[in-house]
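Trainee: One letter stands for each residue in the lines below.
Number of protein chains: 2
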Amino acid sequence: MPDAPHVVIIGAGFGGLYAARSLAKKRVRITIIDRKNHHVFQPLLYQVATAKLSPADIASPIRSVFGRYKNVQVILDEASRFDLANKKVVLKTGEDLSYDYLIVATGATHAYFGHEEWAGLAPGLKSLEDAVEIRRRVLLAFETAEREALIDGKRSMLNFIIVGGGPTGVELAGSIAEIAQKVMAKDFRGIDPTRARVVLLEAGQRILPAYPEDLSRSAERQLRNLGVDVLVGRAVTGLQPGKVLVGEEVMASNVTLWAAGVKASALGNILGAPTDRAGRVKVAQDLSLPDHPEVLVIGDLADIKDQAGKPVPGVAPAAIQQGKAAARNVWRSIQGKPREDFYYLDKGNLATIGRAAGIAEFGRLHLSGVIAWIFWLTVHIFFLIGFRNRVLVFIQWAWAYFTFESGARLITGRTDLPEAGK
Amino acid sequence: MPDAPHVVIIGAGFGGLYAARSLAKKRVRITIIDRKNHHVFQPLLYQVATAKLSPADIASPIRSVFGRYKNVQVILDEASRFDLANKKVVLKTGEDLSYDYLIVATGATHAYFGHEEWAGLAPGLKSLEDAVEIRRRVLLAFETAEREALIDGKRSMLNFIIVGGGPTGVELAGSIAEIAQKVMAKDFRGIDPTRARVVLLEAGQRILPAYPEDLSRSAERQLRNLGVDVLVGRAVTGLQPGKVLVGEEVMASNVTLWAAGVKASALGNILGAPTDRAGRVKVAQDLSLPDHPEVLVIGDLADIKDQAGKPVPGVAPAAIQQGKAAARNVWRSIQGKPREDFYYLDKGNLATIGRAAGIAEFGRLHLSGVIAWIFWLTVHIFFLIGFRNRVLVFIQWAWAYFTFESGARLITGRTDLPEAGK
Numbered sequence: 211m212p213d214a215p216h217v218v219i220i221g222a223g224f225g226g227l228y229a230a231r232s233l234a235k236k237r238v239r240i241t242i243i244d245r246k247n248h249h250v251f252q253p254l255l256y257q258v259a260t261a262k263l264s265p266a267d268i269a270s271p272i273r274s275v276f277g278r279y280k281n282v283q284v285i286l287d288e289a290s291r292f293d294l295a296n297k298k299v300v301l302k303t304g305e306d307l308s309y310d311y312l313i314v315a316t317g318a319t320h321a322y323f324g325h326e327e328w329a330g331l332a333p334g335l336k337s338l339e340d341a342v343e344i345r346r347r348v349l350l351a352f353e354t355a356e357r358e359a360l361i362d363g364k365r366s367m368l369n370f371i372i373v374g375g376g377p378t379g380v381e382l383a384g385s386i387a388e389i390a391q392k393v394m395a396k397d398f399r400g401i402d403p404t405r406a407r408v409v410l411l412e413a414g415q416r417i418l419p420a421y422p423e424d425l426s427r428s429a430e431r432q433l434r435n436l437g438v439d440v441l442v443g444r445a446v447t448g449l450q451p452g453k454v455l456v457g458e459e460v461m462a463s464n465v466t467l468w469a470a471g472v473k474a475s476a477l478g479n480i481l482g483a484p485t486d487r488a489g490r491v492k493v494a495q496d497l498s499l500p501d502h503p504e505v506l507v508i509g510d511l512a513d514i515k516d517q518a519g520k521p522v523p524g525v526a527p528a529a530i531q532q533g534k535a536a537a538r539n540v541w542r543s544i545q546g547k548p549r550e551d552f553y554y555l556d557k558g559n560l561a562t563i564g565r566a567a568g569i570a571e572f573g574r575l576h577l578s579g580v581i582a583w584i585f586w587l588t589v590h591i592f593f594l595i596g597f598r599n600r601v602l603v604f605i606q607w608a609w610a611y612f613t614f615e616s617g618a619r620l621i622t623g624r625t626d627l628p629e630a631g632k
Numbered sequence: 211m212p213d214a215p216h217v218v219i220i221g222a223g224f225g226g227l228y229a230a231r232s233l234a235k236k237r238v239r240i241t242i243i244d245r246k247n248h249h250v251f252q253p254l255l256y257q258v259a260t261a262k263l264s265p266a267d268i269a270s271p272i273r274s275v276f277g278r279y280k281n282v283q284v285i286l287d288e289a290s291r292f293d294l295a296n297k298k299v300v301l302k303t304g305e306d307l308s309y310d311y312l313i314v315a316t317g318a319t320h321a322y323f324g325h326e327e328w329a330g331l332a333p334g335l336k337s338l339e340d341a342v343e344i345r346r347r348v349l350l351a352f353e354t355a356e357r358e359a360l361i362d363g364k365r366s367m368l369n370f371i372i373v374g375g376g377p378t379g380v381e382l383a384g385s386i387a388e389i390a391q392k393v394m395a396k397d398f399r400g401i402d403p404t405r406a407r408v409v410l411l412e413a414g415q416r417i418l419p420a421y422p423e424d425l426s427r428s429a430e431r432q433l434r435n436l437g438v439d440v441l442v443g444r445a446v447t448g449l450q451p452g453k454v455l456v457g458e459e460v461m462a463s464n465v466t467l468w469a470a471g472v473k474a475s476a477l478g479n480i481l482g483a484p485t486d487r488a489g490r491v492k493v494a495q496d497l498s499l500p501d502h503p504e505v506l507v508i509g510d511l512a513d514i515k516d517q518a519g520k521p522v523p524g525v526a527p528a529a530i531q532q533g534k535a536a537a538r539n540v541w542r543s544i545q546g547k548p549r550e551d552f553y554y555l556d557k558g559n560l561a562t563i564g565r566a567a568g569i570a571e572f573g574r575l576h577l578s579g580v581i582a583w584i585f586w587l588t589v590h591i592f593f594l595i596g597f598r599n600r601v602l603v604f605i606q607w608a609w610a611y612f613t614f615e616s617g618a619r620l621i622t623g624r625t626d627l628p629e630a631g632k
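From first to last, the protein sequence lines are chains F and L. Going letter by letter, the first sequence gives residues 211 to 632 in this note's numbering. Going letter by letter, the second sequence gives residues 211 to 632 in this note's numbering.
Since the hints were derived computationally from the structure, they do not count as laboratory data.
A short list of chain L residues far from chain F (calculated; beta carbon distances all over 12 Å):
1. Asp213
2. Asp516
3. Lys534
4. Ser543
5. Arg549
6. Tyr553
7. His576
8. Leu577
With a straight-line cut-off of 27 Å between C-alpha atoms, the simulated DSSO-like cross-links for lysine-lysine are:
9. L:Lys280 - F:Lys392
10. L:Lys236 - F:Lys396
11. F:Lys280 - L:Lys364
12. F:Lys534 - F:Lys492
13. F:Lys364 - L:Lys297
14. F:Lys473 - F:Lys557
15. F:Lys396 - L:Lys235
16. F:Lys396 - L:Lys280
17. L:Lys302 - F:Lys364
18. F:Lys453 - L:Lys302
19. F:Lys235 - L:Lys392
20. L:Lys364 - F:Lys302
21. L:Lys364 - F:Lys297
22. L:Lys396 - F:Lys280
23. L:Lys280 - F:Lys364
24. F:Lys473 - F:Lys302
25. L:Lys453 - F:Lys302
26. L:Lys396 - F:Lys236
27. F:Lys280 - L:Lys392
28. L:Lys364 - F:Lys298
29. F:Lys396 - L:Lys534
30. F:Lys534 - L:Lys396
31. L:Lys280 - L:Lys297
32. F:Lys236 - F:Lys547
33. F:Lys392 - L:Lys235
34. F:Lys235 - L:Lys396
None of the values given here were measured: they were computed from a predicted structure. For each residue, glycine too, the CB sits at the ideal point set by N, CA and C.
Produce the entire structure from the sequences given, and follow the hints as far as they go.
Mentor: The following block contains the structure:
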């Protein structure tokens, strides 16, 4: 179809992937640009970070997702500039790519509130590389404490501090507490992993502020049952190697993780359109840029309100809905039809808190504990991309549930052995 | 058992792992030192390097293998020096560890025949980190060629050159040819992955020189059927970025992999005992160091002959047999019994050459093709450490066999995008 309209999609997260899927069966040419070769199922990233799943279990090569659609091509590259007047994307490798329609879906990244130097001290969790790095730090902390206990007879503390009480922070804290309590317990001789301290720091007055208050309280209770110290009203004022500063208080920390904030991908700024404080691009209700109906911005990069006037949250279902809506609006324009406004439909929210625990909100129906957890399992297996991934994840979850083992306890990369005399 | 003899084992490859397993049920205290937290099932490393399995599928945390043996402790560290006179190992972190018996099993690493600067140009395959790096380079080569074809209209060559025709070289070449031919074919638009050229360079007169000649020929035929160019009698004389030099000939190469030689771990030299050309420690027939019966050296680090006077090969079964024999001899010494000589029992050799192809040698029984491949599958599933790993590997093999898909096609780490103007 050399004369079919050319739709360029930047980013193959949930938004870009579902936009491409919706358009792939239409008479259009699609080019997907991503700087990675894989789509990541982000809601399960924390399970890679906590050694429950392998990176490949939650990732799919983008080009294999679209293998059978001959009108879809995938290019490993990045957008470095936009020439909206001439409808061109300039790629990092220097070439131009012309489009008829452009969908920008490059998502969000960690925000350290102006302290970008904290990134090395407290990694956030957005990519598979982040997840493997967090896994390395968490497992290495146990190994280091064991070595010191066995060789020097030292009783070191083992503190994990997670900054930020949103869903990612809650899931990381619950999952780390769980492996310390259940998985690691029988494998160490010098230390008692069950005495590791997991702290969840939240600046606001309650964790999971986007959830109704009763579910916040329930999540906090479930975390405490796992041994997590939930500290609210504590804003981090500084990070140093091995330390977290909260006002006057200095907390010793072996591993600090950052789940406190996100900002939109830097690509938003170079689109030349107005952005909000978090760098998100203000879009019209049809998801398009002002004055550029052929450019649509979706997912975590878009600043858009729902029907009640509330900002659409940065969650996977919202990105998926926007991806589908953007594809529909592009196709309507191609057919010469008027576009439709996009309104986010909140179908509910789910979070897990370790084994057989979690919370779920479906409108006025609020669930906690095992039932929420079963909902969570079912939904996440169902939405995983690729049948193979579903089978592998299901088997590993079942295995972990019945054996209290955790499959991917690998330290790869540097082991940071302190050399004698250094 | 604080008064039980203390056995220190350095290295948890096949030799060290099986030595520890054999001793774990005896009345001894065991300390395993390894610089990684995991044992790797090395015979399947090439499947991680070629995107068929995930790292965690072929690795087991060392301490979880010994979780139920309370007399076994595991320390993440390295040996940096030996004080044989005082029976002490000095660890990299600076502390001493006293032993009654010491088993050194630190294996082998790549040898570039004095050209260590080649390591960056042609990675070898010994660790999970190596495997992920090779996977990154192989997959990235396809992505780069696709980008150049789609954007610049360039028809780049896609050459993979594997140096060394031993089992690792053969398995890598077969496996890369297979993913190019079967897995990648339908997912690219600008390039035709089936036209990628896979070259196996062997300096000697035939590949797999350790195998009988008829099986060498059969392996060569099976590789050619997969489209691999097998070039024998070609010694590599130089490596440059993007180039392999063979005498006067310059071969363009997108990805060069090194499977041409190994040398023993550097630890052999600091034991103070005589070593052979490859750095292997000459041991007595009971696997002990001369003058130090309490120190045993096993696996790829040991220079020992079999009953026919031939050197014991550097393969997993030999290391396993030596690990068990070392454990038996240590236990016999503890009981005041005389030691037994170790003689390698060659139970046969197997190699795969892609899908439903392979060779097998069991004494005078030589097998080729599907039957050898089925033998290989069965043996490797059986010997994998951990039931969980067996289930996951089996499922992924079955999946790949029936769907021609390959599960772990992940590029993680750097994507090396050439920036405009650079």
